[in-house]
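Asks: Here are the chains, one letter per residue:
There are 2 protein chains.
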Amino acid sequence: MPLPQHVRLVEVGPRDGLQNEKQPISVADKVRLVDDLSAAGLAYVEVGSFVSPKWVPQMAGSAEVFAGIRQKPGVTYAALTPNLKGFEAALEAGVKEVAVFAAASEAFSQKNINCSIKESLERFVPVLDAAREHGIRVRGYVSCVLGCPYQGEVDVQQVTAVAAELDAMGCYEVSLGDTIGVGTAGATRAMFEVVGARVPRERLAGHFHDTYGQALANIYASLLEGIAVFDSSVAGLGGCPYAKGATGNVASEDVLYLLNGLGIHTGIDLDALIAAGQRICQVLGKENGSRVARARLAKA
Amino acid sequence: MPLPQHVRLVEVGPRDGLQNEKQPISVADKVRLVDDLSAAGLAYVEVGSFVSPKWVPQMAGSAEVFAGIRQKPGVTYAALTPNLKGFEAALEAGVKEVAVFAAASEAFSQKNINCSIKESLERFVPVLDAAREHGIRVRGYVSCVLGCPYQGEVDVQQVTAVAAELDAMGCYEVSLGDTIGVGTAGATRAMFEVVGARVPRERLAGHFHDTYGQALANIYASLLEGIAVFDSSVAGLGGCPYAKGATGNVASEDVLYLLNGLGIHTGIDLDALIAAGQRICQVLGKENGSRVARARLAKA
Chain H
1 MPLPQHVRLV EVGPRDGLQN EKQPISVADK VRLVDDLSAA GLAYVEVGSF VSPKWVPQMA
61 GSAEVFAGIR QKPGVTYAAL TPNLKGFEAA LEAGVKEVAV FAAASEAFSQ KNINCSIKES
121 LERFVPVLDA AREHGIRVRG YVSCVLGCPY QGEVDVQQVT AVAAELDAMG CYEVSLGDTI
181 GVGTAGATRA MFEVVGARVP RERLAGHFHD TYGQALANIY ASLLEGIAVF DSSVAGLGGC
241 PYAKGATGNV ASEDVLYLLN GLGIHTGIDL DALIAAGQRI CQVLGKENGS RVARARLAKA
Chain A
1 MPLPQHVRLV EVGPRDGLQN EKQPISVADK VRLVDDLSAA GLAYVEVGSF VSPKWVPQMA
61 GSAEVFAGIR QKPGVTYAAL TPNLKGFEAA LEAGVKEVAV FAAASEAFSQ KNINCSIKES
121 LERFVPVLDA AREHGIRVRG YVSCVLGCPY QGEVDVQQVT AVAAELDAMG CYEVSLGDTI
181 GVGTAGATRA MFEVVGARVP RERLAGHFHD TYGQALANIY ASLLEGIAVF DSSVAGLGGC
241 PYAKGATGNV ASEDVLYLLN GLGIHTGIDL DALIAAGQRI CQVLGKENGS RVARARLAKA
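Sequences listed follow chains H and A, in order.
UniProt numbering puts the last residue of the first sequence at 300; the count rises by one with no breaks.
UniProt numbering puts the last residue of the second sequence at 300; the count rises by one with no breaks.
Same shape as in the complex, but just chain H:
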């Protein structure tokens, strides 16, 4: 299979990333980050989530962030909406695309969202229905596709079942997430082969964490399987909530460097992306999690 010529990066730093940073961050800084990212050429930014601030305090103010950003034509600004209440709040904030989040691991679903996989999928039905009614596209996430922090192994048939269910419900794309970064290249390829037999590969995305340093190898393995959409987080924002001090989301800069090297088009400017990541790291007072950014900034 030839490598894809174009890849879309789904920038999850402002949501998945900042959600897992301890340091609180102002609405103005979030707005600046989102605007920096769209200016760098990202065509898809996950801006925030509409979820109870009791559960995810870092995501309070997502409506204000949506109100503050300069919406650039051609860019998708998305929000995570775990249920109908969240969807309605997103709608009110003018959000045009949303995402729902399920797990491939029963244990993770119970611990993370307090319900079974089946219950979580049922909860999405009214979200998908309302989205259809309002002409809003819905992206689906499946977490723990290559391993679970609670149950360990995850059956690829379970991943396939959840992905196929989200696809059948009407999600236009399903992102398969190695939430704890334990997967390696062979398992990644095998997963896309199996899931890809049920859900067309052009409707699948890869979401890799670099906790065990495997993310770029897994992305390369995914490209070899024809996958052309990847989630990543500028400056590797986010860390790993399941292993304190360990690495979380793969850094967008490092993914972009790989894609540039492979001659794959993304429309993203690496220097501008590095600058966006470095700026938010300075706001957070933390070291940049992108190796490309660190190497470039060390040389500058």
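Take the hints with a grain of salt, since some may be wrong.
[What the hints assert, rightly or not] Sample of chain A residues facing chain H (criterion: CB under 7 Å; computed from the structure):
{"no.": "1", "residue": "T184"}
{"no.": "2", "residue": "A246"}
{"no.": "3", "residue": "A295"}
[To be verified] Which chain A residues face chain H? A few, computed with CB under 7 Å, are given here:
{"no.": "4", "residue": "A185"}
{"no.": "5", "residue": "G186"}
{"no.": "6", "residue": "T211"}
{"no.": "7", "residue": "G213"}
{"no.": "8", "residue": "L216"}
{"no.": "9", "residue": "A217"}
{"no.": "10", "residue": "A243"}
{"no.": "11", "residue": "T247"}
{"no.": "12", "residue": "Y257"}
{"no.": "13", "residue": "L258"}
{"no.": "14", "residue": "G261"}
{"no.": "15", "residue": "L262"}
{"no.": "16", "residue": "V292"}
{"no.": "17", "residue": "R294"}
{"no.": "18", "residue": "A298"}
{"no.": "19", "residue": "K299"}
[What the hints assert, rightly or not] In silico SDA-like links for lysine to any residue, alpha-carbon gap of 20 Å or less:
{"no.": "20", "chain 1": "H", "residue 1": "K244", "chain 2": "A", "residue 2": "C281"}
{"no.": "21", "chain 1": "A", "residue 1": "K286", "chain 2": "H", "residue 2": "G245"}
{"no.": "22", "chain 1": "H", "residue 1": "K85", "chain 2": "H", "residue 2": "A60"}
{"no.": "23", "chain 1": "H", "residue 1": "K96", "chain 2": "H", "residue 2": "R8"}
{"no.": "24", "chain 1": "H", "residue 1": "K54", "chain 2": "H", "residue 2": "Q110"}
{"no.": "25", "chain 1": "H", "residue 1": "K22", "chain 2": "A", "residue 2": "K299"}
{"no.": "26", "chain 1": "H", "residue 1": "K286", "chain 2": "A", "residue 2": "G245"}
{"no.": "27", "chain 1": "H", "residue 1": "K244", "chain 2": "A", "residue 2": "K299"}
{"no.": "28", "chain 1": "H", "residue 1": "K299", "chain 2": "A", "residue 2": "E21"}
{"no.": "29", "chain 1": "H", "residue 1": "K299", "chain 2": "A", "residue 2": "N20"}
{"no.": "30", "chain 1": "H", "residue 1": "K299", "chain 2": "A", "residue 2": "P149"}
{"no.": "31", "chain 1": "H", "residue 1": "K22", "chain 2": "H", "residue 2": "C281"}
{"no.": "32", "chain 1": "A", "residue 1": "K244", "chain 2": "H", "residue 2": "C281"}
{"no.": "33", "chain 1": "H", "residue 1": "K299", "chain 2": "A", "residue 2": "G245"}
{"no.": "34", "chain 1": "A", "residue 1": "K299", "chain 2": "H", "residue 2": "Q151"}
{"no.": "35", "chain 1": "H", "residue 1": "K244", "chain 2": "A", "residue 2": "Q278"}
{"no.": "36", "chain 1": "H", "residue 1": "K111", "chain 2": "H", "residue 2": "Q151"}
{"no.": "37", "chain 1": "A", "residue 1": "K286", "chain 2": "H", "residue 2": "A298"}
{"no.": "38", "chain 1": "H", "residue 1": "K299", "chain 2": "A", "residue 2": "N112"}
{"no.": "39", "chain 1": "H", "residue 1": "K118", "chain 2": "H", "residue 2": "A164"}
{"no.": "40", "chain 1": "A", "residue 1": "K244", "chain 2": "H", "residue 2": "A298"}
Since the hints were derived computationally from the structure, they do not count as laboratory data.
Cβ atoms here follow ideal geometry from the backbone N, Cα and C, with glycine treated the same way.
Based on the hints, put chain A in the right spot on chain H.
Replies: Frame of chain H; chain A shown alone:
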């Protein structure tokens, strides 16, 4: 091409790694590191180098390290010997395998070893002759195979010429090094295709630095090209002398995790390797550069 079933890791931490650490380290700690590594199952450890301490002060005492280690049967303990004088010192220290080091970049050769590529290769002829006489195997390194800190691009034909020359001289294996970590997976595959047409792939090894986060993707790409020997450094010892604060040698633990995931046999115990790396990091007072080690230690 099927993936190799067995891979040999060449552990370069005690030499290439420690050589680039600022913190001085005692002979006893080096001996302990080498013994920890062989106990973990590494079958090849580059122990030190016989080079003027004026140039590489961290490598002073290599003879004492060789005298102090417990040589485990079946394990190769190698030393870098840049010239005949170094070779003779290594011989005196009882070294059974040596390595020579050339560059694929003319600018790097001049800056790094003060001579042209051609002169450096000529300097190796008496080393190879003497080694043959004493029944000592010689491994060859080629640096800057995917880019140079001084001249930028490096022609793959130049890499091929230097690798072929080392092979013709009698090096039993030639390790191709991405010294500054700028290479990506496509360039890695293309390089092994071109060089592999001149030097048999079973006599080639890959040496990757993780400066731009690409090392594991490049190693996976190399495996797909049938390469089955990789250099790596426990705990990512070494850093990058060309970009202060950036990452250098790929961490052995992270490579092993990839290989284990692919079901490739190495004979190395991951837990023992992590313990060896963590111990030397504590001696050096530095953060562990292996993501696998950090993730495992964070969970423990």
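Asks: Now look at each hint and say whether the structure bears it out.
Replies: To see whether the hints hold, each was checked on the structure:
1. T184: Status holds, d = 3 Å.
2. A246: holds (4 Å)
3. A295: This interface hint holds because 4 Å falls under the 7 Å limit.
4. A185: Given a least distance of 5 Å, the restraint on A/A185 holds.
5. G186: Check passed: Cβ of A/G186 comes within 5 Å of chain H, closer than 7 Å.
6. T211: OK, holds: A/T211 within 7 Å of chain H, min 5 Å.
7. G213: holds (4 Å)
8. L216: With a closest approach of 4 Å, the A/L216 hint holds.
9. A217: Hint holds; A/A217 Cβ to chain H Cβ min 4 Å, cut 7 Å.
10. A243: holds (4 Å)
11. T247: Given a least distance of 5 Å, the restraint on A/T247 holds.
12. Y257: Since the shortest Cβ distance to chain H is 5 Å, the answer is holds.
13. L258: Result: holds, 5 Å to nearest chain H Cβ.
14. G261: It holds, given that the least Cβ distance between A/G261 and chain H is near 3 Å, below 7 Å.
15. L262: holds (5 Å)
16. V292: It holds, given that the least Cβ distance between A/V292 and chain H is near 5 Å, below 7 Å.
17. R294: Hint on A/R294: holds, closest Cβ of chain H at ~5 Å, below 7 Å.
18. A298: At 4 Å from the nearest chain H Cβ, A/A298 passes the 7 Å test, so the hint holds.
19. K299: This hint holds: A/K299 lies near chain H, its Cβ roughly 5 Å from the closest one there, short of 7 Å.
20. H/K244 to A/C281: It holds: about 19 Å lies between the C-alpha atoms, which stays within 20 Å.
21. A/K286 to H/G245: Holds, at about 14 Å.
22. H/K85 to H/A60: holds (15 Å)
23. H/K96 to H/R8: At roughly 18 Å apart (the allowed maximum being 20 Å), H/R8 and H/K96 satisfy the hint.
24. H/K54 to H/Q110: Satisfied, since the Cα-Cα distance of roughly 18 Å is no more than 20 Å.
25. H/K22 to A/K299: Holds. H/K22 to A/K299 sits at ~19 Å (cutoff 20 Å).
26. H/K286 to A/G245: holds (14 Å)
27. H/K244 to A/K299: Cα-Cα ~7 Å, so holds.
28. H/K299 to A/E21: holds (18 Å)
29. H/K299 to A/N20: holds (17 Å)
30. H/K299 to A/P149: Judged against 20 Å, a Cα distance of about 10 Å means the pair holds.
31. H/K22 to H/C281: At roughly 13 Å apart (the allowed maximum being 20 Å), H/C281 and H/K22 satisfy the hint.
32. A/K244 to H/C281: Distance of about 19 Å is within 20 Å: holds.
33. H/K299 to A/G245: holds (10 Å)
34. A/K299 to H/Q151: Since the Cα atoms of A/K299 and H/Q151 sit roughly 15 Å apart, the hinted pair holds (cutoff 20 Å).
35. H/K244 to A/Q278: Answer holds: H/K244 to A/Q278 is near 17 Å, not above 20 Å.
36. H/K111 to H/Q151: Given that 20 Å is the threshold and the Cα spacing comes to 11 Å, the pair holds.
37. A/K286 to H/A298: holds (19 Å)
38. H/K299 to A/N112: Since the Cα atoms of H/K299 and A/N112 sit roughly 18 Å apart, the hinted pair holds (cutoff 20 Å).
39. H/K118 to H/A164: holds (13 Å)
40. A/K244 to H/A298: holds (6 Å)
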